[in-house]
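Just so you know, the sequences run in chain order A and B.
All letters in the first sequence, in the order written, are residues 1 to 326 by the working numbering.
All letters in the second sequence, in the order written, are residues 1 to 451 by the working numbering.
Think of the hints as simulated: they come from the structure by calculation, not from any bench.
Treat the hints loosely; a few may be bogus.
What the hints assert, rightly or not - Facing chain A, from chain B, some residues (calculated, C-beta under 10 Å): (1) S119; (2) T120; (3) P261.
What the hints assert, rightly or not - Keeping only pairs whose Cα atoms sit at most 16 Å apart, straight-line, the calculated EDC-like set for lysine to aspartate or glutamate is: (4) A/K94 <-> B/D438; (5) B/K93 <-> B/D82; (6) B/K449 <-> A/D69.
Unchecked claim - Chain B stretches covered by chain A per the calculated footprint, using a threshold of three residues with CB under 8 Å from any CB of chain A: (7) 94 to 100; (8) 397 to 410; (9) 416 to 423.
Ideal placement from N, C-alpha and C gives every residue a C-beta, glycine not left out.
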Amino acid sequence: MTTATPAKPPPAGSARPVVGETPTAGRAGRRRRIADRQRPLWLLLPGGLLTALVIVIPLLIAVYISLIDLNLYTFREWVRAPFIALRNYFDAVKDEGLLHSVAISVEYAVIVTVVTLPIGVAAGLATQNRFHGRGLVRSVLLIPYVLPAFVVGTIWRIILQPGGIANGLLKHVGVYGGLWLNGPMSFWALVLVQIWSSWPLLYLLTLAGLQSVDPVLYEAATLDGADWRAKLRYVVLPRLRGPVSLGLVIAFLHNVNSFTLPFVLFGVPSPRDVAVLPVLTYTESFQNSAFGLSAAMAVVSLLLIAVPLAVYLRAVRLTVAEDRLR
Amino acid sequence: MKARRGRTVAAGAIVLALGVQGCTASTASPSGTDSGGGLNGTGVTLNVLMGANNIYPVQQKQWFSAVSDKFQKQTGAKVSFDTFAAPTDELTKIQVSALSGQGPDIYGVGTTFTPTAYSTGAFEQLTADDWNKIGGKDRFLPATLNISGPDADHQVGIPFASRPFVMAYNKELLARAGIDKPADSWDGLRQEAGQLTGNGVYGLAVAYADSFDPWKFIWAMSIQAGNPIVDGRTVKLTDPTVATAYRTYLGWLATDKVVDPAAVGWKNPQAIAAFGAGKAAFLPMVSASSKVTLDKSAVAGKYAYALMPTIPPGATGVPAGGKAASSILSGDNLVVAKYSRHRDLALALIKMLTSQEAQDEYYRTFGELPTNAAEAKHLESDPALAAIVDSASKSVGTPFVGGWSQVQVAMVNVVVQSIPDLAAGKVDDAQLRSLVADAQNTAQSAVDKAK
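Please put together the full structure from these sequences, using the hints given.
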């Protein structure tokens, strides 16, 4: 593990002279370039090769597959499958309801992410201070997150059946539950179950953020006469920005790519209101054997998740640059 | 993450497959030899992939090892069985194996899946010589060969088990209502179901949310009215017979109120459970395997099987051009992979599995009917099986086109998207027309692409 140490960037001190335009700056700059050259970049090679093999090459093949007519009848000689340029993309939009699925996936992912944010942060704040049984409460809060999506889907499917537990309980309070696993309500059923199973991610990242806040800051704020609201507003929340925005990006990506939960809850063919993109892609590929078409859908879903990812990476790069300038 | 992972896996498999294929081409040699005349399979292991039997999992494992032992005694070769949980799992396995040129030597495929398997071109078309090695075509019930290939000269599937669909009925409930036997027309069945509905009991138990059941009803009612759904290469879902079939099927719950409203969320096992609890008089679209569950239920000894109606809705007899189909031709076929390097051994194993003795044992263990003609004749005399054996002979094969799986999915999709209306107690004609039109387009384009 010690071999990894030289790969670290040079200490911030060596970067400092760049800011000031002094005669020594040139020498320091040259020194840094030498230091750059001496970095053992070859250590990146195994990781780089693995990335190329496991991610880049399959990705390029997937993009290629999305441009050919690869299906049940051509897959045995896939290299010779006819090249049809963007036909799969057009077909996906025109015949297979790709845009409808993209809209459903994005709406659902955004709603779930936005709703889980306050729940996760509140739970993190509530379990930050020591109290009797805190360990137990913290563990219990993680249960929905550690359950496999298949189990969550199966349990909720039973609960939400027509004539199931949910409707039984609602009937007790005089409300007619209706149909949860098909029709317009199914979208909200999916949102509800996904919120239930995914909010602890934001809770975890909030906890991580809270633990990195130096207790000295609380003391200083107390000495300055700050009440809990002021502490929350000026000490805690600014320091949660990093981990929580990371949590938001991960949560969005997770939701937009969620396959198991909608698949188990609603089955295939999906009811129209929950025809999310991953299930549509799966159906085309593994039920209809339309690999070209489903690869086109997968490429679209990649573009879809690339947007928030790019925004996030850009934000991270900005903060890195700020740190350097500091 | 799953969609992306799926794609990555698929693409990765292709890369690996190319590599593997390269390796096998240059270095591999068969681990055993299929010498002419007497087969010597010493040191060879045949791989067979079959559907997992969820009703008899323990017995299935025992059967696997018994088959392997017996085959080893005969030829020296062992048999290694693997199972799949759902047809899509098997399709994935076939795709990866066909691409990489290695995998199971023999696959057990469902009858309606056989056209899809045939279209992949990954399986051996059986020559006259091959049929001789299996023991001749004559050893099979002629009806079971109807879905082995597009015609008699291009067959890939060897019939192995027969699972015709029938209808279970509650003898006590029918007797109490003064009905001596289930109707032979769908209109008659609806009328009897109406008579039997009341006091917490419904006339019919139907699994509207099942992924497979719905298309079988629609197909049966349509073909009885003379529409085979796919005629040559033309999909005929917009034919009025199909709309009538959907209206009848959906109407049972929505307007006739002879099905429990909760059935909008039922899969097949839930319908069986409702019937088993004595809450329904008729349970259409079940195979003999339902017997295991029903014999342990509250209706044990109080139920019997009968043919499903063979007269289409709105008719009093089978119309000209219609077929009195009692069931889809249902069961399992065995197919031999083209890449198998133990073709003769594979055929020898199939010969063993389709012999009268093996088929009798299979029936007694799993309750699945034989495809072996001699054994079928032998079972005909069993009164408990009368309706099921009768249904086997009145089963009609579904169209043998490569896109049939997609046609099925399109037909089920019409029911899935109609569920909200169904729950609201209506069958909206305009909505139904538009859903059927969509299904027609999807199905036709799938059939057009088929080779």
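Consistency of the hints with the structure:
1. Taken as an interface hint, B/S119 checks out: its beta carbon lies about 5 Å from the nearest beta carbon of chain A, inside 10 Å.
2. For B/T120, the suggested interface contact is upheld, since its CB lies about 6 Å from the closest CB of chain A, less than 10 Å.
3. Using the Cβ-Cβ criterion of 10 Å, the hint placing B/P261 at the interface with chain A is satisfied: the shortest such distance is roughly 7 Å.
4. The hinted pair formed by A/K94 and B/D438 meets the criterion: a straight-line CA distance of about 12 Å does not exceed 16 Å.
5. Distance check on the hinted pair: B/K93 and B/D82 sit about 11 Å apart at the alpha-carbon level, within 16 Å; holds.
6. Of the supplied pair hints, the one linking B/K449 and A/D69 holds, its CA atoms being roughly 10 Å apart against a limit of 16 Å.
7. Beta-carbon proximity to chain A at under 8 Å applies to 3 residues in the segment 94 to 100 of chain B; the threshold of 3 is reached and the given coverage holds.
8. Residue count for the segment 397 to 410 of chain B with a Cβ under 8 Å from a Cβ of chain A: 4. That meets the three needed, and the coverage hint holds.
9. Residues of the segment 416 to 423 of chain B with a Cβ under 8 Å from some Cβ of chain A number 5, which satisfies the need for three, so the listed coverage holds.
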